[in-house]
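Student: Could you put the whole structure together from the sequences, leaning on the hints where they help?
Residue numbers (full-length UniProt numbering), protein chains in the order written: chain A, 1 to 324; chain B, 1 to 329.
Careful, some of the hints might be misleading.
Unchecked claim - Partial list, derived from the structure: chain B residues whose beta carbon lies under 10 Å from chain A:
(1) 109
(2) 121
(3) 125
(4) 126
(5) 127
(6) 143
(7) 156
The hints are simulated quantities; they were obtained by calculation from the structure and are not laboratory data. It should be emphasised that the depicted structure is a prediction, and the values quoted were computed from it without experimental measurement. For glycine and all other residues, C-beta sits at the position ideal for the given N, C-alpha and C.
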Amino acid sequence: MAQVTLVEAARLAALQEMRRDPTVWVLGEDVARGGLFGQYRGFLDEFGADRIVSTPISESMIMGGGLGAALVGTRPIIEMRIFDFVMCAMDELVNQVAKVRYMFGGQAKPAVVVRMPHGIWRNSAAQHSQTLESWFTHIPGVIVAVPATPADTAGLLVSAIRSDDPVLFFDPKNLFPLTGEVPAVIDPIPFGKARLARAGKDLTIVTWSAIVPQVEEAGAMLAERGIEAEILDLRTLWPWDEEAVAASLHRTGRLLVAHEAVTVGGFGGEVVARMVERLGPAAIKAVARVGQPRVPVPFAPPLEDALKPDTAKIVAAAEALMRR
Amino acid sequence: MTNTGGDNRARLITLYGTMCRIRAFEETALAAHKAGEIPGPLHVSIGQEAVAAGVCGNLRRDDRITSNHRGHGHALAKGAGVSGMMEELFGRAGGHCRGKGGSMHIADFSVGMLGANGVVAGGIPIAVGAAQGIKLLGADSIVACFFGDGAINRGPFLEGLNWAVLYRLPVLFVCEDNGVAAFTATASVTAGPGVAARAQSLGVPCTSVDGNDAAAVDEAAARLVAEIRGGSGPRLLHATTYRITGHTSSDPAAWRDPAAVAAAKEAEPIGRLRARLLAEGVPAAMLDGIQGEARAEMTHAREDALSAPWPDPAIAWEDVQDCGAVEAH
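Tutor: As structure tokens, then:
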């Protein structure tokens, strides 16, 4: 086991898979230079310019081209640079990538990974900070991966590259420097299995992606105050681990969902709704959600901080939940 | 690949046959749609057959094509099975797409037909990417990308041509220019001199051809396909033609000048090739026979499709995704 950063874990996973399978390749802006975050550092020397393809700033082509290349039997990693630019390729993603297998009656195999580093990051303002992962859970045909640790990023990226389904892979860009252990041989982590980040009996906190470290910090602070939170990091939102959440909630009866995305219309609402459908309202004593208010992400540090969900807000929400 | 004498005549007769089959398919589909046998929107390519036939006649089975919403002709010319196409239009279980795509999403991957597309210019990035994948795999097949004149005002046209040049990809862009983008004359919404100038500005050599002259399309396509297969990088074929019917089967296109429509009908490609072949001494009976066979084939396909089974509703849940598919209930 090596201690590496999250971005290095992602690099090692892609490296391992590209060495294993010559049909895996990468396309996106500046990837041959190592990528915006160094997630493809050294790939040009090892794989050459045909397999690590720096492209024009042409998001429709990056996405649609990756799909076309998948339809003839390659396995492209489509790098969107940062998430927000995928909005320039929504036809290619939603109308094409997500639909071809179904529309063509199973003839097409859109085996692409779309990597989209997302979330609030260094005061990058409203067009470089979004967390819209819930949109994509609404689209049949795709997998939605939202890892939060180096090991999960590596293992889920291996699964994504090997998957015949299109995988929308939300790299948590604010967590790229986070360090953790990654094995020398990275095994795939199955989609739809939550990680138990903390065991507890008093309430269930469901979370994912960039906010997970703060949720874990909140869990430790709550424990000092005598509240034992169980923390489930979903790791993927489609499919998602309903079983694990239901089992935990069945024991605790209290549910807090914490995500960086805007609360309104966020995937937290789906988590709560499914649990009510599944367990019945009587089994649930109290529910709360923590996320961003429905406001664009502002630039100035005090403004960004004011809106961003953080450890204090999670602790406060959990304590309020315990009083209900 | 200019053929002379008997070889050339045989080639033209083959082209004539392909065009007759497309025309018969479209007329049959239109009649079936009017009779309520085909649900949903239907876009037919009557009058544009020479482009599909002339281009696809120069492709190998392992070459790929992408198409647009008016894609029946491209698919047929590429070799897609007729019963699978007709059943797909009818929404039946035996359709190429199991009844999940319909007219706008005809695909037959077994013959390299990577799909029609309901979004204008939607097939362009897919075609270019397919060419990039083919190149990465070390194969020598090429991709023909069919789109209309309306597509040149969308961003993927710019992105796709630029990209194909940068990576020197084996793509034949085919702009099937029928002069009309849905219900609007394309010239009235297009700045500058048009597709050829736009392609050339990006370094894509463009060949313009009378798209209602099947022999001319065939000859141009043969040359361009040979160049592309030889490693030239992308080429664009600009074929002017005329959409004799409306945008969809329910559009009478009554806004058009009747004199222009009548003139266009005079210039339609099947009649023109027939006149040429007759002048070259091909017996009328032979050409009538080809046409009659095409009509009989499509009439049969319609009858078969009408009596073919509907898909089991349970398959609506299939082909979504391997992991995370929802269960039928």
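Student: Residue 125 of chain B was flagged as interface toward chain A. Is the shortest Cβ-Cβ separation under 10 Å?
Tutor: With a minimum Cβ separation of about 2 Å from chain A (threshold 10 Å), the hint on residue 125 of chain B holds.
Student: Does residue 121 of chain B pass the interface hint, meaning its C-beta sits closer than 10 Å to a C-beta of chain A?
Tutor: With Cβ-Cβ at 9 Å, under 10 Å, it holds.
Student: Using 10 Å as the Cβ threshold, decide whether residue 143 of chain B counts as touching chain A.
Tutor: Where the cut-off is 10 Å and the nearest Cβ of chain A is about 8 Å from residue 143 of chain B, the hint holds.
Student: Take the shortest C-beta to C-beta distance between residue 127 of chain B and chain A; is it under 10 Å?
Tutor: 6 Å, holds
Student: Hint check: is the beta carbon of residue 109 of chain B less than 10 Å from a beta carbon of chain A?
Tutor: 4 Å, holds
Student: Does the interface hint hold: is residue 156 of chain B within less than 10 Å of chain A, judged Cβ to Cβ?
Tutor: 5 Å, holds
Student: Given residue 126 of chain B as an interface hint, is the shortest Cβ-Cβ distance to chain A below 10 Å?
Tutor: 4 Å, holds
The structure is consistent with each of the numbered hints, conforming to all of them.
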